[in-house]
Amino acid sequence: MAEIQSPVPGTFYTQATPDAPVYKVKGDAVAVGDVIGLVEVMKTFIEIKSDVAGTFAGYSVENEAAVTAGQTLAQLDG
Amino acid sequence: MPIKRLFIANRGEIAVRIIRAAQGMGIHTIQAHSEADAEMLAVRMADEAVCVGPAQASQSYLNIEALVQAARDCNADAVHPGYGFLAENANFVRAVEAAGMRFVGPSADTIDRMGDKVSARQAAQAAGVPVVPGSQGRVETPEDALATAAEIGYPVMIKASAGGGGKGIRIAHSAEELAQMAPQAQAEAQGAFGDGGLYLERAIASPRHIEVQILGDGTNAVHCFERECSMQRRRQKVWEEAGAVCLDDATRERLCASAVALARSVNYVGAGTLEYLYDSATNEFFFIEMNTRIQVEHPVTEMITGLDLVQEMIRVSGGETLSVTQDDITRSGHAIEVRINAEDPALQFMPFPGQVGQMQLPTGDGVRFDHFLYEGYQIPPFYDSLLGKLIVHAPTRAAAIAKLATALDDLSLAGLKTTIPLHQALAADAHVLADDIHTQWLEPWLDAGNLSATP
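In the order they appear, the protein sequences are chains A and B. Start counting the first sequence at 1; every next residue gets the next number (my numbering). Start counting the second sequence at 1001; every next residue gets the next number (my numbering).
Among the hints, a few may not be true.
Said to hold, decoys possible - With a Cα cut of at most 30 Å, we get these calculated DSS-like pairs of lysine-lysine:
#1 49(A) - 26(A)
#2 1417(B) - 49(A)
#3 43(A) - 26(A)
#4 43(A) - 1117(B)
#5 1417(B) - 43(A)
No lab work stands behind these hints, which were simulated from the structure alone. Note that the structure is a prediction, hence the values are computed from the model and not measured.
Modelling step: build the complete structure from the supplied sequences, incorporating the hints.
Here it is as structure tokens:
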């Protein structure tokens, strides 16, 4: 089990825009460098990328949730 | 009737600024805040504070219903919108007025009219204010394009009439180039938008951004001279000056008179800013848009004129006439403001919402620091990165830059990454010292590594 953490505090998004599909759903393959979400910090959007490969196990926080630096955003199996 | 209980529907440094202005007039202040802003300085300073919703701006500072309800519950008789958020939202003005309160700013109709670029351009033309020369509507054929360009003057920018953004924009420097580009642009517009109509506009190479501060009471309008705000990154101003030393006196007079004419023609109430592009090569200025609110950079105007723009806008919104006539407003010396943002200039300006450690603030004659910080304050990540504005005033531009450099060295905000190093580097740059800048100057300067060269 690997965890993907937020490098900064802000607001977490599981989709690029309100109309876009969520970046990953449970069971999706995740490659190194895949974007799994966005964190908005002070009006700047930062792409959250996985630095390990695995299978997406799920988001740990909801879309549009406030997150702190170091908080786990999603988990991978494998 | 004068305003007695003012509700502040904003946050950060401008909320602090509004509270100071209101308290100086003996007005009771009521500060709105989100759940994430309960500890901000404006909440501590205000006579009352009220939570209007969760951290997300869409549910708090942009929530018209919640703000109006909170203001009514606190028996406010007026609402100050600050800048950003709902400051230029006509529906907010209507909701505030429908609830029996005054809005500190112009009418909803004025905001609608001046907020729309096309109607603002028409209002400017009707008031005799120069706008960027362009085609009257669509240009259908290459022959049309050549005839129109001859009237507008080269270089011309060719845009798809139906397009948005930068798609299909070309710049022709001569009739020969235009003859070649127009059919290509038409074909591309047809392909991209299913519409081959073109729009032509004078292309202004390396323009300066110059703006004029105005005040109005609905009947009378005055100007408070101009500001030079060409130093921009990603269309955000980072360094602003009053006045624009590149202008000669005759041009300055025409520019400011044009702003007053437009403000008067729309019966403007409150503080407003008319933004212009200035072409140094031809000494021409062109109106581009109006901001119907107080602006971030208003302090440089206050420094050279001695006016309190925020108090003046509160006064006229309470129904009083302007406290000054045009002849009362004079300018002295030169002022510069730099924006201190919670961003790391060494790391592509990555936002840095840290906790404020020990603060050391510059003091002295002609030095002002508008901010919302205190030691131990945790800066929330949910809003913009502006921490404060360092403003200096001196007899000349050169003396102002020297004073700025000293003040920047005296400013220290432990625990944070800020844009202080950017401003230190700019204040030492030969082009900046020579006022040899324009709106397209800062980004290439950054890309060339001028910042990383400094310690």
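Please flag the earlier hints that this structure goes against, numbers listed from lowest up. none
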